[in-house]
Amino acid sequence: MNRPAAGRTLATLFAILWPVAALAHQQGGEAIGFASGLKHPVSGLDHVLAMVAVGLWGAQLKAPAIWLLPVTFPMVMAFGGMLALIGVPLPGAELGIALSAIALGVAVASEARPPLWAAATLVGFFAIFHGHAHGTELPAGANGLLYSVGFVIATGCLHATGIGIGLVHRWRAGRIALRVAGAAVAAGGFFFLWQALR
Amino acid sequence: MTAKTIRRAGLVVATLAFLATPAEAHLMNTGFGPFYDGLLHPLVTAEDILPVIALALMAALGGTRPARVAIFVLPAAWLAGMLFGRAVAPPAAESWLAALLTVAIGARVAADGKMPASVVAVTSIVLGLIHGWSNGAALAESGVGLTGPCGVACTVFTVVTLVAGFAVPLTAPWARIAVRVAGSWIAAIGLLMLGWSVRMSGLRT
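If you're matching them up, the sequences are chains A and B in order.
For the first sequence, position 164 (counting from the first letter as 1) is numbered 163 according to numbering that gives the first Met the number 0, and the numbering increases by one without interruption.
For the second sequence, position 199 (counting from the first letter as 1) is numbered 198 according to numbering that gives the first Met the number 0, and the numbering increases by one without interruption.
Pulled out of the complex, with its shape left as it was, chain A reads as follows (with noise of 0.2 Å):
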């Protein structure tokens, strides 16, 4: 794009949006929900940790599962979140999350390859409790549909980065450097579970 036409672009885009922005302080919550829901699943280490390590151990398992585990993730979490949004109670969903990462870490940290099905069910089991600390942590007052598109998305994007982490598995050092990763993830996996039954 020369300069002359990102300059029309930016114009336009500031011009479009610029009677929005104003507007929005009439009504409440929108921007709340979006921006919490973006930042929610990265507050939560023990939740970044499991995310990440599925991307890890995807990146391991190759073609198919470096992309059927981003693919179906996001949606059994989100069957999570609907539980907890129409009030099923889930008991132990912090145990739940802390024995995922145990679980995700010694997963990278071992190499595991098990067949596709086991893993995805193993994934798509711990997702329920992730979706389901979501549903019920949604702050008071928020846009609940703003803030699910925003977890949604941060929740994807820690997947990407633990595929990007992933791609030094064609190297040598980086399949050492990627099991260890495993073992350090397993490890907070612990903390966290340490801390939940305290």
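Don't read these hints as lab results, they were simulated from the structure.
Misleading hints may appear alongside valid ones.
Only pairs whose alpha carbons sit at most 25 Å apart, straight line, appear in this in silico SDA-like list of lysine to any residue [said to hold, decoys possible]:
# : chain 1 : residue 1 : chain 2 : residue 2
1 : B       : Lys113    : A       : Leu115
2 : B       : Lys113    : A       : Trp116
3 : A       : Lys61     : B       : Ala177
4 : A       : Lys38     : B       : Val180
5 : B       : Lys113    : A       : Leu67
Chain B: place on chain A using the hints.
What follows is chain B alone, placed relative to chain A:
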């Protein structure tokens, strides 16, 4: 239109759809009259625009023919639904139905379902009628004349055309996977919308 122009227009629409969300689902007052109020209405309502994007992606995965069907049938059905909605108020179950449809279409995209043109046509009609119904009622409630629904239909046509036009040429495996991931995100958001509308309706156990 050159490819660059299309890309730039797509960027503007995407940014609008994304950043303009601070507004409520209720009608925006642009100050330019009912046509422009209608034009902006779907762009500031995430629950309207997400299924449109999902449908465009689903049609595009099926190839050129289903995509061509979707870009004309969806706005037409939407318009018909809006005209109906001016006379008959939608039931409360409408928001659940809309969320369910979003989940179903998003899941089809995630599963890389290559839908034939007939299935795309039927889905477009159902989706357009349901969303048009609630849009039409909302527009009539705010006292917007018949040009409002025309504006809404124009935006629906623009979005479905841009998204489908962008996604049809994506044949590389990784690009298709990106489309499928987008579908899974939309399905995920739809599931949460479903939970949300149950919670809002006070049926929470």
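CA of Lys38/A to CA of Val180/B, is that 25 Å or under?
Holds, at about 20 Å.
Is it true that the CA of Lys113/B sits at most 25 Å from the CA of Leu67/A?
Since the Cα atoms of Lys113/B and Leu67/A sit roughly 18 Å apart, the hinted pair holds (cutoff 25 Å).
Does Ala177/B sit within 25 Å of Lys61/A, going by the straight-line distance between their CA atoms?
With Cα atoms ~16 Å apart, Lys61/A and Ala177/B stay inside 25 Å; holds.
Keeping to a limit of 25 Å between CA atoms, is the pair of Lys113/B and Trp116/A held or broken?
holds, 23 Å
Between the alpha carbons of Lys113/B and Leu115/A, is the straight-line distance 25 Å or under?
holds, 23 Å
The structure is consistent with each of the numbered hints, conforming to all of them.
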